[in-house]
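Residue numbers (the numbering used here), protein chains in the order written: chain A, 82 to 210; chain B, 268 to 713; chain C, 1047 to 1533.
To be clear, the hints were calculated from the coordinates, so they are not data collected in a lab. Certain hints may be false.
[Unchecked claim] With a straight-line Cα cutoff of 27 Å, these simulated BS3-like cross-link-like pairs (lysine-lysine) come out:
hint, chain 1, residue 1, chain 2, residue 2
1, B, K553, A, K170
2, C, K1524, B, K568
3, B, K419, A, K185
4, C, K1415, B, K295
5, B, K553, C, K1524
6, B, K568, C, K1415
7, A, K144, B, K568
8, A, K144, B, K553
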Amino acid sequence: MNIPKDLLYTEDDEWLLLDGDEGVVGITDYAQDSLSDIVYLELPEVGDSFEQGEAFGVVESVKAAADLYMPVSGEVLAINEALVDEPEKINSDPYGEGWMIRIKILNADELDDLMDDVAYRTYLEERED
Amino acid sequence: MPYIPHSEADRQAMLEAIGARSIEELFKDVPEGVRFPALKLPPAASEMEIRWELEALAGANFTVADGPCFLGAGAYHHFVPAVVDAVLRRGEFYTAYTPYQPEVSQGTLQAIWEYQSMICELTGMEVSNASHYDGATATAEAVITAINVQRKRRKVVISPRVHPEYRAVVRTYTQGMGLEIVGDERLDADLPQVLAHLDGETACLIVQSPNFFGQIEELSAAAEAAHAQKALLVVVADPIALGLLKPPGAFGADIVVGEGQGLGVGLNYGGPYLGFFATRMEHVRKMAGRLVGQTVDVEGKRGFVLTLSAREQHIRREKATSNICTNQGLVALAAAVYMAALGRCGMRQVAELCYHRAHYAADQIDGLDGYTVLRDRPFFKEFIVRCPRPVAEINEELLDGWGIIGGYDLGRDYTHLQDHMLLCVTEMNPREEIDMLVEALEEVSA
Amino acid sequence: MSKPLIFELSRPGRCAATLPALDVPPAVLPQELVRDDLALPEVGEADLIRHYTALSQMNYGVDTGFYPLGSCTMKYNPKINEEMARLPGFTRLHPYQDEETVQGALFVMYSLQQFLAEIGGFAGVSLQPAAGAHGELTGVLMMRAYHLDRGEAQRTVILVPDSAHGTNPATTTMSGLQVVEIPSDERGNVDLAALDAALAEHGPRLVGMMLTNPNTLGLFDEHIEAIVARVHQHGGLMYGDGANLNALLGIARPGDLGFDVLHYNLHKTFSTPHGGGGPGSGPVGVAPALVDFLPSPVVGIDPERSEEDEPFFTFVHPPKSIGRVKSFYGHFGVMVRAYTYIRILGAAGLRRVAEHAVLNANYLMSQIKDLYRVPYERVCMHEFVCEGRFEDAPDVHALDIAKRLIDFGFHPPTNYFPLIVREALMIEPTETESKETLDAFAAALRRIADEARSAPDLLHQAPHNTPVRRLDEVRAAKDLFLRWQAE
């Protein structure tokens, strides 16, 4: 399982790349593997705002459909339009071309609720049991 | 033992393999106090006995084949070609399950894909699902789709000229959803009065055309008004009428639903029937129900599968688009066979027979003293007649005196339409029957 | 060779129906109302019949062979049912005809209401819901209405086991209520400690609990009476999902176990055919407290129009009805089939159904459990769940086993459900299968277990001999191709 060091993680398998007071969000390698071939992606509009834990979109594969949850409260600054036409990039490159939204982080304190790569790895191992 | 093949020897061998001494032992987890109740049911009948019994029960009924029928109101005496049942009786079709294993279900899957295509063509829409239980539940599902599309809106505007039972089912289905359903408080409201309810809170407008009274509605006006408020236009349509009339898709409908019973399904005392549901591709993921898609197999051969299942209950669970599990598989097959058998020319011909005969009947009845046909809007196969006596009385005399099944008593559902009868004429009513009806109506008018 | 589409067989000018000529003067027909064209197929009757015959030959039904789909109860569909449902005295009735003209039909409906009430142990039955999921929605709406009627609008929570069928949580959400999931214990029962914790937290807001018993693991809950008592204690109602009723006919009545409402599946338990995905029929039975809330109308007797030994059947409207859940009265054609079945079996026959369904399932389990792990060391009911995987062949999945069974001439069992068992295979033989069929199926599974180690590609590439082989479902979902269109 690929779990990059420089990212933060949620219990719902989203990742957050911190970039000053902005962030980039996507889903982890574990998530894309569980879903298997992703066929569809629904993203919010630029300008939408969501609270931490609120659903900002939906990802759908042949066997499952899952909501995407905000790691922290934020306002959507950009969405990965290309991904909507080629959602399979989430499977092939979940941390690169599979990025979903760029947000303005509204409450930096909420970052403390997220896991680092070590904690996320442990979390995944516990789930397997 | 009917349908159970086991001999005593079989049972013994099986119990031995299981390691149990008796079949009763297998039920030890069932609490003793309630175990093995004596069910009070009639004693078992042999096949020939049950046949005599049911033939007698069936024979006790007066059917639409025993005399002319002019009753419509949402269920219709339409032609059922012999080919339909010939196909339905094939065991590979009717004893199959939902096609979850596509490699052994290509028959069902291709037939449903063809059905979907034909419904699209008939309604003028881009995509159809594999069907709902009936026209009423399809309408309720249209409301649910509309509120999934327009997520922040909770208001539904519905015309009182939509079938009363459909309006009731929409309310039952949505009673836990916190919706506001308006438009039919005044049962005598006309379309402009209904459209006046539209606003920025409205998720959808529901109109029926031909409506419950048989009248063809102003769908352009409805579409314009709904879209001006960014509400979806849901049209409840009659598939037989669509053999002749411009389809709702051509007017800008967003969702088209209706009762498919007229498409070779037969009356069957109310069911099983068929709810069709068609919409635009942009709403396909918010649509409930099963969907068959075309694809290829590992060898590149064309094949069909159930698709977009991720929206459905068995995967999405509490976030499913709806809880629906079954469609009306075999009934959709019947409709597909019907549409293929009648085809481009036949469906047009059936519709014309309905239209012209209904208008002939209306003209003849209008000419009778005491009867007035309401003609404020164009109609297809049903029309309203104001009668000189209560409808129930007239119908009783028509039945007793002529063996005629008369029209629907509109006073039952519309307080302002006491003594108004809804008469239906289809391709199953030859001219002689219409003439007999006219004669009978004249006789019973006093 | 794939079969042509009906549209590909179409040629202009053909028609497979004969219609009479117009026998009245044509009326004025405003052109602006008329459609431009209708691109439906144009085929002759022989081509039409050959087309659908060819399609049917690509299908596998119960009439073809063994169909062990768990929780679907794919039992044999008796042919007498088909004959009775097709009697013209039934098929040619308009639902709005005067009640006097349809007493034979109303007798069948009234009797079926009575039979189902007796079989389930309930006070009232509605035949209106069209299918199991529809019956579920009806049941949950009744439970909600019951509490609202008693002024308890704060009750919004429904408990659902983690083994439940997806329709259960979906129905709950549709009814505007909230799902709280209860885990199962290591013996496959509802975890009582977890149930107690949930009741402690949600008790005052409890609408009730939805339970399938036997559950989707094929197991009869060992604590059923305790569960029911606890839920009732907190003012909640018990909803029974009757999908697995085949194991209980004449064995135990859900009403006697304390269930307040149950939906029946006529197309599972009562032998009506599945039709390739419907039509089914999902009547609901209720305890006395809920009778007034049944969907409207139900069939009753009108004392004023009844005679000595000839009751007059009529439609009645329950005073606190949740309303109508579909148009007309339900799936009458399906009701006739179920009525016929119950009359042919009688009480003794129905009990034998359950006994042999359970016998068959336990026997089949005994023949394969050494090779396919059954996670629960218990006697099963009418179905059982095993794992479709092997420790020493990790690349083989339940899906591969299922597809390989097709090569042996069997329809696969249910895959990947319930979610709480890994690589689940849910197997329900039903009572209408002979010992030879079960032995042949067991033999196939044993051979496949062997192939999984010695020739796994046979499994991965299965099925080999069907009209189409494994289909690209990803492509079907991505490149949505949902209808035919003219070039």
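Quiz item: Okay, which hints does this one fail, numbers in order?
Solution: The structure breaks only hint 6.
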